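Line by line, the protein sequences give chains A and B.
Mapping of the first sequence onto the working numbering: position 58 corresponds to residue 58, and the numbering continues sequentially without gaps.
Mapping of the second sequence onto the working numbering: position 294 corresponds to residue 294, and the numbering continues sequentially without gaps.
None of these hints come from the bench; they were simulated from the model.
None of these values were measured; they are calculated from a predicted model.
Please note that the accuracy of each hint is not assured.
Unchecked claim - Far from chain B, by Cβ distances over 12 Å, these chain A residues were calculated: (1) E150; (2) G168; (3) I271.
What the hints assert, rightly or not - Okay, derived cross-link-like pairs now, EDC-like style, lysine to aspartate or glutamate, Cα gap no bigger than 16 Å in a straight line: (4) A:K124 / A:E109; (5) A:K61 / A:E38; (6) B:K4 / A:E25; (7) A:K310 / A:D251; (8) A:K276 / A:D306; (9) A:K61 / A:E109; (10) A:K4 / A:D77; (11) A:K278 / B:E195; (12) A:K276 / B:D95; (13) A:K276 / B:E204; (14) A:K253 / B:D281; (15) A:K278 / B:E258; (16) A:K248 / B:E204.
Backbone N, C-alpha and C define an ideal beta-carbon position, used for all residues, glycine too.
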Amino acid sequence: MIHKLTMPKWGLSMTEGKVVAWLAEDGAEVDAGAEVVEIETEKIASGLEVPQRGILRQVSKIGEMAPVGGLIGVIVDGGDSQAEIDAFVAEFQASFVPEEAEEESASAEPETIEVLGKTMRYLKRGEGGDPAILFHGFGGDLNNWLFNHEVLAANRAVYAVDRPGHGGSSKDVGSATPDSFKDTLAGVMDALDLPKAHLVGHSMGGGVSLDFALAHPERTLSLVLIASTGLGPEIDGGYIDGFVTAGKRRDLKPHLEKLFADPKLVTRQLIDDVLKYKRLDGVDLALRTIADQFFPEGQQALILRDQLSKLSVPTLVLWGAEDRIVPVSHAEGLPANIETRILPGAGHMVQMEAAAQVNRAITSFWE
Amino acid sequence: MGRKITFQQAVTEALVQEMERDKSVVLMGEDVAGGSGADGEMDAWGGPLGVTKGLWGKFGDRVLDTPISESAFVGTAIGAATAGLRPVVELMFVDFMGVCFDQIFNQAAKFRYMFGGRARTPVVIRSMIGAGFRAAAQHSQCLYPVFTHIPGLKCVIPSTPYDAKGLLIQAIRDDDPVVVFEHKVLYTIEGEVPEESYTIPFGEANYVREGDDVTIVALGRMVHMSTEAAEILMKEGIDCEVIDPRTTSPLDEDTILESVEKTGRLVVVDEASPRCNMATDISAMVAQKGFDSLKAPIKMVTPPHTPVPFSPVLEDMYVPDAAKVAAAVRDVMGHKAQAA
């Protein structure tokens, strides 16, 4: 059996990617979920995992560009001959037509809904199954899930939502109380016609999801908290303040670098994208209001740790061991009903920096 | 992907959104409405290329047609700014600015300095620049270096629809006089522009493209000539970084120096006449502050020191293009080969 390994689509604007390194040799036996190739886009670089166990045959050479969906390698499991593999590759290359940028964007275009009188933007991927909602953190947007969304949506509909004040959603956050954010999440589920869903929250999106799950266990199928707030008082107040106040590339860069264990992941394009968001009218006020409400004086205000033992839904906690924003110690000593994984070598944006492990952990947790 | 609109639509949208947000924003200029009493849609001009078309119908008396007397109406706008309005005054072509220099150079630019920092002059002067329209010597100049020379003025040269909207909104909200230079050839280019209002701070250059071998600094239409050149050079194995300062006053020296520190080579592309232009200014700045980083002499790509020709053949030869930029880059790269 020959399986394709194709150029993934990471983020709405990606049309092609570059193979910068092979992490497994041509002909090597690789396990399902192993990262075998390093891909670079104009925005970011990450490893790509293989879907099946088998023998890796490299197709793209290092430094080569490939369009989204293009063949970069194959995984052979079984006794297919070199001739059969060559024929498979030749047939794919002969019939492959890269999707036009226009068509591609039409197939994965974010949509908007009205929730409590405000516009909310979301991106849906996948169909059927028990649905899941991805909820990003403070200052983020649905693109924070670019390495996760497609993989998690293999067997179900997965909605990545821009939280109030963020991304393409309304910048009016009112007084940004925890209750208003809980109500918004309930409103999103109502508008999308989802009586129940799996919730996956990163950072402050995790804190809000936890708060919601405690209030509405009947609507929460399960809960995944990634580097979540709400589990202790500490947070890097300098980061929150720096992110809110920085207006230029040079000022913002050192703060964004704190988000990753490897600061090189903070590309100029990533900084520019964050600045484009921060420069929209209303964002400054929204971020300041949220920060005042949730992180006054450099501490977390909404701490739900003592209620975790009452939590009746299956819960998984994931953390990067090198998180510099919310300390990894918040993942320690949690009640026994909660499954916990600490991922080495990753910082606060663990779902980006250790995407393959996070995807595997969530997928097996859901099963 | 985000919504795409033209440069011209981006300018119009910035004006509309700021007029809706702030009642003190008014528009003035020759034919900005298009004849007193026109409804703003039918037979209205909306400025020489229609940027303000339709606004009279929306905002009525806040869109003021003026007589053909630049010194009078630019002076009026500057006076109104000191008295609390935020006028956006359009002066069709930058070539006509000469008749109102006193109002701009001696009045608007000086008030804050001469009144002990207590006067504000939040006026925006919009004007078209550039060759390529077969409009001859009196309608084709790039006079932004003249304004950059004057302390007290802020000078903005957008090169994309995104920048055109964000920089114009920033200009309107700024409390100092700002001159916005819009290249007429760029009005039809399309790009992604958020529907929401946003600002871009002055004095922050844009990395149009990242590269390791040569830094190309370019403004306005020349940004596009430079990226085109960078594409050609990429196939030859030369990796160009293209930087668009976006504003010449204030100028983001740090970003230019940071880039030259990495690449060691600088080509500055400027459509303004070659003497005392932004190319000479930026080259001198890098020679003074970044000399140790340079591996090759700085190269400037500019038109010749002549008026813009009316003959289409000569005009095309006059304007710097991608081939000229690419040739300059090959030159500075070649210098390294000799040295090695």
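So, going through the hints one by one against the coordinates:
1. E150: holds (17 Å)
2. G168: violated (9 Å)
3. I271: The claim breaks: I271 of chain A does not keep its Cβ more than 12 Å from every Cβ of chain B (closest is about 10 Å).
4. A:K124 / A:E109: It holds: about 8 Å lies between the C-alpha atoms, which stays within 16 Å.
5. A:K61 / A:E38: holds (12 Å)
6. B:K4 / A:E25: violated (43 Å)
7. A:K310 / A:D251: It is violated: about 43 Å lies between the C-alpha atoms, which goes past 16 Å.
8. A:K276 / A:D306: At roughly 39 Å apart (the allowed maximum being 16 Å), D306 of chain A and K276 of chain A break the hint.
9. A:K61 / A:E109: violated (31 Å)
10. A:K4 / A:D77: Given that 16 Å is the threshold and the Cα spacing comes to 11 Å, the pair holds.
11. A:K278 / B:E195: holds (14 Å)
12. A:K276 / B:D95: violated (34 Å)
13. A:K276 / B:E204: holds (13 Å)
14. A:K253 / B:D281: violated (28 Å)
15. A:K278 / B:E258: The hint is violated at about 24 Å.
16. A:K248 / B:E204: Within the cut-off at roughly 7 Å; holds.
The structure does not agree with the numbered hints 2, 3, 6, 7, 8, 9, 12, 14 and 15 stated previously, though it agrees with the rest.
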